[in-house]
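Can you make the complete structure from the sequences, with help from the hints?
Numbered continuously in the numbering used here, the sequence shown closes out at residue 84.
Heads up, a few of these hints could be off.
[Unchecked claim] Pairs of lysine-lysine, DSS-like flavour, derived with a Cα cap of 30 Å:
| id | residue 1 | residue 2 |
| --- | --- | --- |
| 1 | K71 | K15 |
| 2 | K19 | K83 |
| 3 | K69 | K58 |
| 4 | K49 | K63 |
| 5 | K15 | K0 |
| 6 | K63 | K0 |
| 7 | K49 | K64 |
| 8 | K49 | K80 |
| 9 | K58 | K71 |
| 10 | K74 | K15 |
| 11 | K64 | K80 |
| 12 | K19 | K58 |
Keep in mind that the hints were calculated from the coordinates and are not lab data.
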Amino acid sequence: MIYFTQLIYILDGQEKTFLEFEEVAIPLIAKYNGKLLLRYRPTADNIIEQNMEMPYEIHLVEFYKEEDVAAFFKDEERKKFLHLKEKSIKSTWLIKGSKL
-15 MIYFTQLIYI
-5 LDGQEKTFLE
5 FEEVAIPLIA
15 KYNGKLLLRY
25 RPTADNIIEQ
35 NMEMPYEIHL
45 VEFYKEEDVA
55 AFFKDEERKK
65 FLHLKEKSIK
75 STWLIKGSKL
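So this is what it looks like as structure tokens:
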């Protein structure tokens, strides 16, 4: 399994646009042998220590193999909605790892 942690930072006022993209993108994960394990929206009152900007959302996703990840990112349906992602997301951190 391959794991991705994504910290997502959105532009002010673009929450609705971001959520429109997520409505399309998240269900497609399963089509490519993936699973959304965690979708978390942190708040200031649940941060213990902070030395960086707080992300809007944090996602933890697993895929079976590299080819599945590549296919997900190339999905034609997802590509049709990338304009929503580009309009709403300021930046992301994509951290790839494995379970120890």
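Determine which of the earlier numbered hints do not hold for this structure and return their numbers in increasing order.
Going through the list in order, the structure violates no hint and respects every one.
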